[in-house]
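Enquirer: Listed below, chain by chain, are the residues.
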Amino acid sequence: MTTLTMAKALNEGLRRSLGDDDRVMVMGEDVGRLGGVFRVTDSLQSEFGADRVIDTPLAESGIIGTAIGLAIRGYRPVCEIQFDGFIYPAFDQIVSQLAKIRHRTDGAVSVPLTIRVPFGGGIGAVEHHSESPEAYFAQTAGLRVVSCSSADDAYSMIQDAIRSDDPVLFFEPKRRYWDKAEVDLDGVTSLGLETARVLREGTDITVVAYGPMVATALAAANEAEGTSVEVIDLRSLSPIDFDTIERSVLKTHRLVVVHEASVFLGLGAEIAARITERCFFQLEAPVLRVGGYATPYPASKLEQYFLPDVDRVLDTIERSMAVE
Amino acid sequence: MTTLTMAKALNEGLRRSLGDDDRVMVMGEDVGRLGGVFRVTDSLQSEFGADRVIDTPLAESGIIGTAIGLAIRGYRPVCEIQFDGFIYPAFDQIVSQLAKIRHRTDGAVSVPLTIRVPFGGGIGAVEHHSESPEAYFAQTAGLRVVSCSSADDAYSMIQDAIRSDDPVLFFEPKRRYWDKAEVDLDGVTSLGLETARVLREGTDITVVAYGPMVATALAAANEAEGTSVEVIDLRSLSPIDFDTIERSVLKTHRLVVVHEASVFLGLGAEIAARITERCFFQLEAPVLRVGGYATPYPASKLEQYFLPDVDRVLDTIERSMAVE
Amino acid sequence: MSITAPQRDLFEQVAIIDPESGELIDDEIYSPYLADIGDTDLREIYRDLVVVRRLDAEATALQRQGQLGLWAPLAGQEAAQIGSARGLRPSDFVFPSYREHGVAYVRGVDPAVVLRMWRGTTLAGWNPRDVNMMTPAIVIGPHMLFAVGYGMGILRDKTLNSAVDDIVIAYCGDGGTSQGDFSEALGFAASFRTPTVFFVQNNQYAISSPVGIQATVPIVQRAAGFGVHGIRVDGNDVLAVLAVTRHAAERARAGDGPTLIEAVTYRMGPHTTSDDPTRYRDAAELEFWRQRDPIDRLRLVLDRRGLADQEFLASVDETADRYAAEVREACIATPDPDPISLFDNVYATETALLAEERTDFADLHGLDLQGSGE
Amino acid sequence: MSITAPQRDLFEQVAIIDPESGELIDDEIYSPYLADIGDTDLREIYRDLVVVRRLDAEATALQRQGQLGLWAPLAGQEAAQIGSARGLRPSDFVFPSYREHGVAYVRGVDPAVVLRMWRGTTLAGWNPRDVNMMTPAIVIGPHMLFAVGYGMGILRDKTLNSAVDDIVIAYCGDGGTSQGDFSEALGFAASFRTPTVFFVQNNQYAISSPVGIQATVPIVQRAAGFGVHGIRVDGNDVLAVLAVTRHAAERARAGDGPTLIEAVTYRMGPHTTSDDPTRYRDAAELEFWRQRDPIDRLRLVLDRRGLADQEFLASVDETADRYAAEVREACIATPDPDPISLFDNVYATETALLAEERTDFADLHGLDLQGSGE
Ligand SMILES: Cc1ncc(C[n+]2csc(CCOP(=O)(O)OP(=O)(O)O)c2C)c(N)n1
Ligand SMILES: Cc1ncc(C[n+]2csc(CCOP(=O)(O)OP(=O)(O)O)c2C)c(N)n1
Ligand SMILES: [Mg+2]
Ligand SMILES: [Mg+2]
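Protein chains in written order, with this note's numbering: chain R, 1 to 324; chain P, 1 to 324; chain Y, 1 to 374; chain X, 1 to 374.
Same shape as in the complex, but just chain R (with noise of 0.2 Å):
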């Protein structure tokens, strides 16, 4: 075991990836000799040639596009957009190709394309470097979407998802990048993608989460006295793990969802919905959502009042305890 930043954990998943199988490709914006700006491919151009991690002129569809034909012809690509609000100049290669290419071709052709995207808010940085864009994906038919939480976890998910025969759009937390955990570098065992995982037991009330808001959850977990709080990480929030969260619900009989992303249509909205109608005569509160609002993403110094944060799970958490 080894204690890595996010950040590195993921740098490490790459690069086993680029070790183990020499079809698999890095690319992007930066990704090369910089390392790209969150140094997450960082020496990775030295290591493994500038034919394998390359530097793409300053165009999402055009690295997407490319990409996509690089799978065509055999690669699996692992592609970077350097911001989560970077991502839409390539939304036609994405939900119009990519995601559709199998289905077209009555599954001749695979497109086993990784989408590395870090997402979320939290750092202090100016308009379009701080969006959870995830429900735009999640909702697209013939994309995995995932989330990672911790390094460990980073670690294996970024490898399994390069291992996907399908498209996976990976979102990374970026405000954790540089929180640090044990991981197991020679780790062979992975949850898989697809699976949600039951981070701390409870009893009164389940909390999901995904990504950034994993810790704000579990933080908020451990200071809610006198309530038993069961916390799930999502990882997947496409397809969505709803066994695991109603086997959760059936027990604690309440569910909050947190999310940096707008409550309005947002994946609470599904989890909701699909919870309450697995569950209708189960549940004694309604489910509660805790997220952004229905506003852009605000300037920085005022990030702090539209993340959910740990009072405001504490709130949601309080109201819900408090449906009789």
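Bear in mind the hints are in silico, worked out from the structure with no lab data behind them.
These figures come from a predicted structure and were not determined experimentally.
Glycine included, C-beta positions come from ideal geometry on N, C-alpha and C.
One should not assume that every hint holds.
Listed below are several chain Y residues computed to face chain P (Cβ distance under 10 Å; list not exhaustive) [what the hints assert, rightly or not]:
| no. | residue |
| --- | --- |
| 1 | 123 |
| 2 | 139 |
| 3 | 174 |
| 4 | 178 |
| 5 | 268 |
| 6 | 323 |
Position chains P, Y and X with the ligands against the provided structure of chain R, taking the given hints into account.
Expert: Just chains P, Y and X with the ligands, lined up with the frame of chain R:
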């Protein structure tokens, strides 16, 4: 009153808007001489001139981007995206720019731009011509998203959209383009853009639909034997008029939401989540959703299986009524 | 090795067949690429042109009779398609747009299979791996970039095995050149020097929009702006198209990078069977282009060489008729897809959500799930 | 009226100041655009260059001290920005990228207001209507198209009032030219012949990527590909930049359509204060460009003409220091925004959903809603 198809009603609405306000401009691929592939802009170019009804190059980002520039200069452009599946190249312009410019500039710059999108399936088309991308836009703060369901409403809604100082995504149910209704071309009263409309009163269950599914919901309501179905035309997909739905549910205690878009993370999810939160103790059954499956839109010989129809709506009404 | 031709005046189109005499023009650069084209080849090319036009007409008829939902006729563009497709090797890869029925024919796609997408029994049609040709691209733009990425893959393959010399070609129309993706493709191709040929059929229209809306200078000029080699060719001269494609392919194989070919041609029919071209173009224009018919052009060559005897022409007609009849029969006999196939191939491994929906669907429709699925 | 200059060799950069002697080169086409530039103007231009460099350094210092979240230094690009901005009229409209602090300065934006976005107290900064300059574009690409649409609006205004002769300019970097939107903008501008100037500051890098990744031929060559007029200029020669911008603006005003200007310059500092340029470029390169410093270049002219006396230089320093001090003070004093302003200006009329969230928010934070909001 005149009997018009929805396509013609929209054409008359555009004509009226162009006539009323010379800042209004119409632009898009083939909207001029051809009058649009659905003839919604028929003869507008010959009436208002090629500098107000503009055939653009084949580039959706270019269309929306230049329209934003026109709006900043003081115009009120109405853009046509030829088919639902071709809006994605403009996604960045729409979600990162159009939606956010007012907020970004603290209200100093308005972008009163209407984007018309013929959407939805049921016309036997090839791929990318039958999609329902409304949830991508409804979840984006700063945009208004509406859909008309009949010729008469279409006529006033398109004018309201063009008059709005906010950007409006205007989804036209293309398979209803040829459905006729009585339209009052001199009508001045309108319901506005934010209000849902109760189209049919009922006491046992509420069915919410919008765009192409309104006719389906009404047909199902008429066929539902022994069940009194209230049908609401949502009209505005963002914001959603939850008050009207809540009022209805407090009466019927049951709710079904119908849309062509995939159920997973579709508008039904948000409606289910929020109405359940508001009416938790009044609902006698979980909110049920009828919609497309979690697959890409299929080949046309399969679309009848993908699209909700009267039978599926009836089946869902029955399932809801069966919950005790 | 470097194969370059001086950039010609951009308004000048490469031509091989003299449209008056049917003689072959001696072009210093491009004629050598036709050195191996003998009488038999000329006849086979002619046969291809006639057959694909006949198949195209048959497809239009099938659409009119309700057997297809839609059809995008290629009439007028036969030379551009047959000429370019014949300039490739089977191991090269093709990214078509939606109108490249002629290219598909040369690649060996069964014409009846081409119709399936237009009939609506499948989203695509054929297995791209079988013919090294992707299924049609309906959204205009993205696939131009696929061809660059595919070319990057070829280059990487070449670093592992120097014998690899595949190339890749992508097709789009004059309208398609306005999309940002088209320009990004030129830029990426230049930066990575990929073995990519961009083949633009400038058929003068994007639905109703004349090419002047897309470009105020010849489209081929776009190439030089990105440092890509550009060639403008008479798209109705099948031999010229064949020669320039071979030239571009040879450059690509040699490591000299991408080429943009603008083939100047004309769409004789409607944009699709849903279109009414009389709303935006007139009879005189149509007549102008009818005089430049690509089949007549090659026929001049055959006539001049005495290759177009009755026997040959009858055999061509016979082939065309036979194919058309076969296609008609196969099209009408195409079975509707199995409803439950809706759920197939969305993911490599089916998700729980899809499995649940598949089961619900089977219940609703009273289907037996045994034996279905992936 | 038609104002055209013959297209020059594309590798040749328009230059006015002889970098050895400080003499002004007599350029047949461009010198006339400087006919009105007298000694006072030269001194004022020099003052601008020094002031914006000083302000830039102050902003970097403020960032290092935690007063700004981030800063994108313009050092090295002063001539490109001051020269181009001075080539415009107040009624012309500007679409900047995120590094155009020098342009903002010339437009009359209070430098302390420029810092607010970087401090994070606002998403943008100033009211674009006050200065006819949009706030910074963070996403690279889209705003190039705004400038074309804005130009379409000018053309339509002109049909209503022939006296209208505004033009519009859009700025981006060398990296920005790779985006599809950049190319679409050139295409739309050519098709609609809009009065748009595209001003590309080729500062050799997009973060760590040297310009060779974006373009294998001079960026200015992109213009001709789309039928747009192109000019390459020494971006460190403020007089040359001023002249070519005036020329492009005059063409646009006269109805001769769009121009792409490539100003060849160099980013002397990091991409932003978060960047570490030592990872991707070396001291020799930096030294090469230091020899081409844009301020030194103009100083040669002043020296030669005896305009750079001690008194003048002291007054310039005094202006720069005073501005810097003012900016520092104003920056540190910038109040944090009112938390509830989060909900302002999302829509022209607030929606029920936002009103509800606003109320919940006020409850949660114990705020009084009276007097807040729209
Ligand atoms: C992104 C996108 N926008 C719009 C369309 C609708 N559309 C289909 S074909 C066409 C015209 C294409 O013209 P061109 O590229 O010249 O090809 P051609 O049809 O002439 O072969 C348009 C606008 C589309 N398929 N994709
Ligand atoms: C669409 C988009 N992708 C990525 C980025 C991240 N980014 C910010 S600046 C930059 C480099 C820009 O280089 P260039 O256009 O040359 O301008 P310069 O910074 O050199 O002035 C990148 C990649 C962005 N802002 N927008
Ligand atoms: Mg065309
Ligand atoms: Mg740069």
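Enquirer: Among all the numbered hints in the text so far, which are the ones the structure does not match?
Expert: 5 and 6
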